[in-house]
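Number of protein chains: 4
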Amino acid sequence: MAEISLRRAKSIIRATLAEGREMDLKPLSVIVLDAGGHVKAFEREDGASPGRFAIAHGKAYGAVMLGMSGGAQMARAEQQAYFMAAVNGVFGGQVIPVPGGILVKDKKGDVIGAVGITGDTSDNDAIAGMAGIESVGLTGDA
Amino acid sequence: MAEISLRRAKSIIRATLAEGREMDLKPLSVIVLDAGGHVKAFEREDGASPGRFAIAHGKAYGAVMLGMSGGAQMARAEQQAYFMAAVNGVFGGQVIPVPGGILVKDKKGDVIGAVGITGDTSDNDAIAGMAGIESVGLTGDA
Amino acid sequence: MAEISLRRAKSIIRATLAEGREMDLKPLSVIVLDAGGHVKAFEREDGASPGRFAIAHGKAYGAVMLGMSGGAQMARAEQQAYFMAAVNGVFGGQVIPVPGGILVKDKKGDVIGAVGITGDTSDNDAIAGMAGIESVGLTGDA
Amino acid sequence: MAEISLRRAKSIIRATLAEGREMDLKPLSVIVLDAGGHVKAFEREDGASPGRFAIAHGKAYGAVMLGMSGGAQMARAEQQAYFMAAVNGVFGGQVIPVPGGILVKDKKGDVIGAVGITGDTSDNDAIAGMAGIESVGLTGDA
Chain A
32 MAEISLRRAK SIIRATLAEG REMDLKPLSV IVLDAGGHVK AFEREDGASP
82 GRFAIAHGKA YGAVMLGMSG GAQMARAEQQ AYFMAAVNGV FGGQVIPVPG
132 GILVKDKKGD VIGAVGITGD TSDNDAIAGM AGIESVGLTG DA
Chain B
32 MAEISLRRAK SIIRATLAEG REMDLKPLSV IVLDAGGHVK AFEREDGASP
82 GRFAIAHGKA YGAVMLGMSG GAQMARAEQQ AYFMAAVNGV FGGQVIPVPG
132 GILVKDKKGD VIGAVGITGD TSDNDAIAGM AGIESVGLTG DA
Chain C
32 MAEISLRRAK SIIRATLAEG REMDLKPLSV IVLDAGGHVK AFEREDGASP
82 GRFAIAHGKA YGAVMLGMSG GAQMARAEQQ AYFMAAVNGV FGGQVIPVPG
132 GILVKDKKGD VIGAVGITGD TSDNDAIAGM AGIESVGLTG DA
Chain D
32 MAEISLRRAK SIIRATLAEG REMDLKPLSV IVLDAGGHVK AFEREDGASP
82 GRFAIAHGKA YGAVMLGMSG GAQMARAEQQ AYFMAAVNGV FGGQVIPVPG
132 GILVKDKKGD VIGAVGITGD TSDNDAIAGM AGIESVGLTG DA
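These protein sequences, in sequence, are chains A, B, C and D.
Remember, our numbering sits 31 above the position in the first sequence when you count from 1.
Remember, our numbering sits 31 above the position in the second sequence when you count from 1.
Remember, our numbering sits 31 above the position in the third sequence when you count from 1.
Remember, our numbering sits 31 above the position in the fourth sequence when you count from 1.
Do not take every clue at face value.
Identical copies look the same in the list; a pair holds intra-copy or inter-copy alike.
[Claimed, not checked] Pairs of lysine-lysine, DSS-like flavour, derived with a Cα cap of 30 angstroms:
| # | residue 1 | residue 2 |
| --- | --- | --- |
| 1 | Lys57 | Lys139 |
| 2 | Lys41 | Lys136 |
| 3 | Lys41 | Lys57 |
Keep in mind that the hints were calculated from the coordinates and are not lab data.
Make a model of the complete structure from these sequences and hints.
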């Protein structure tokens, strides 16, 4: 499968943060994971709280591991809370099922990684991330 | 950013416990964490139960790592329970999202640490802690 | 059994830190646990690294739980490393078996708690702690 | 104490990776933590194995939490293996005590964060990281 390169990962992060500034959001933190769920790149803006790495990671990690966007996970959590709680259990508490966890797909529709954004409201996090992903010609599933 | 000194941390604890005596609260336990979420000082009053360190720590730790006061975390937990449960997961179960976890800010508005108070009702814990923080000229966000 | 009061715990810490200044040691961190191994009080001097709470706790906790001073634990670790490693395992990795973990005993010889000191060399940590304990009329087993 | 900015963190990483290319090292992964041990930025070069985030993090995290460079931790591990193993325990297995974990200090000598590098030999990792840190006018303690 196509790998997400470090160059592309950094471009996604740069564009996401630029969108955040454009939207006048609170300081954002953005992570990019590869298709195996492993950290490729991360940046936490000045002024973001110390725990934002963990939250960004949780959003992206759940998306990759389940093949479900943050929005889809949240819908599931609201319908069947105990299921998402159990899913979180088998993944060692590492999943955060809310918007801001975005699957990244290439032209063929294959998942090549995920982006996790946190810092503002979940919905704004997702908007900024989608802009970042689309800016490099990839497709996001938020 | 300004560090919270040991002297200031102890003054906050002393004043918080004094307020607790003034309000005739149950025995209190008070922790002060620095801006990175690391323990600076702690005192558990005689008669307080053995587990109070963990609870005081959980209140303050969640506040620092998320940049959200205990009151704000509780509001979020009531709106979106699975989100706060997931957040607790990525922080290894160390977050207790209720009043009594207070962000401490300096004159410029920067977070320099957090105070966690437990022992009476959460609301009374928070009142005592705010008195402690204000007594040293700092601002609390409860 | 006699409880170690908050007043006594704070006096031990104060005297330990004063001894550290007297001996011109690096910034110290001092914890006092009660006879059940639960945190009573803690202070981390300015300039001490963020992880010092965990190390001070580990020294005192091993002492209380095993009824063995840090010095005795170290001797055991050097003779039978796998045993102390296993002991650490059953206590969730919370034991640090080196000098600086001091059992505190009252006049009757009963253990009423433990003190953990860290920041300088283990031997100097223990010397400062013994001074702190003896200054309040208690007996230390280092 | 001075915060390490995202801009500076990225510059350190860029310069470290450039040094790695100059030295013809294997693909490197570089993390920057702030003074509280929290992730500020990270990059994993293409071709680096999936687990490199954890190793880079472990090197930098141990350095910050203990206030000891990777080289100093390794020396301690070689003299007193059970001590470093126990230290790893109290930090949840998150400490990797070898060269490549470098404390970052500002002009006043205060620790403002740490850099963790992994991918080639530990010694080469450390050389690349020192070049990265010095390129932004900061001091590294490897």
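Comparing the hints with the structure gives:
1. Lys57 <-> Lys139: Between copies, since 17 angstroms is at most 30 angstroms while 34 angstroms is not.
2. Lys41 <-> Lys136: For lysine 41 and lysine 136, the Cα distance is within 30 angstroms both inside one copy (16 angstroms) and across copies (26 angstroms).
3. Lys41 <-> Lys57: both (20 angstroms within a copy, 20 angstroms between copies)
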